[in-house]
Amino acid sequence: MCHRVGESVVLRLEDPLGRRDAAGRLIPHDFVMLSPTLGLVDSVDDGLRTIWPTVSDVYAQVWEDPAPPTAERIRAVFQERSTG
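The opening residue of the sequence shown carries number 1 in this note's numbering; numbering runs sequentially from there.
It should be emphasised that the hints constitute simulated quantities derived from the structure, not laboratory data. Some hints here could point you the wrong way.
What the hints assert, rightly or not - For each label pair, taking beta carbons as the anchor points, the in silico distance ranges come out as:
(1) V62 / G24: 16 to 24 Å
(2) P66 / G6: 36 to 44 Å
(3) P28 / E64: 13 to 21 Å
(4) D42 / P66: 33 to 41 Å
(5) G24 / M1: 18 to 26 Å
(6) T54 / M1: 17 to 25 Å
(7) G6 / E64: 33 to 41 Å
(8) R4 / E64: 28 to 36 Å
(9) P66 / G39: 37 to 45 Å
(10) A67 / G24: 14 to 22 Å
Backbone N, C-alpha and C define an ideal beta-carbon position, used for all residues, glycine too.
Model the full assembly from the supplied sequences, consistent with the hints where possible.
Shown next as structure tokens:
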């Protein structure tokens, strides 16, 4: 799903690698984008091409954790990625 709401774009992607939760449900990834990314995403395909590559490594690292990630853990992984 990709939906423009005022000055934002709401994007929901099914996990491109087909990862599923413990109940077997395909994991969705939700994003709310503000400028300057607004012009980059007008469809799910745009999101897969432009947004997913910037977060896929972070999701992969978090996915390996045995417990659900905290907001602090997600921030730390993003920070490691940007400084590493």
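Hint check results:
no.	hint	in the structure
1	V62 / G24: 16 to 24 Å	holds, 19 Å
2	P66 / G6: 36 to 44 Å	holds, 39 Å
3	P28 / E64: 13 to 21 Å	holds, 19 Å
4	D42 / P66: 33 to 41 Å	holds, 37 Å
5	G24 / M1: 18 to 26 Å	holds, 21 Å
6	T54 / M1: 17 to 25 Å	holds, 19 Å
7	G6 / E64: 33 to 41 Å	holds, 36 Å
8	R4 / E64: 28 to 36 Å	holds, 34 Å
9	P66 / G39: 37 to 45 Å	holds, 39 Å
10	A67 / G24: 14 to 22 Å	holds, 19 Å
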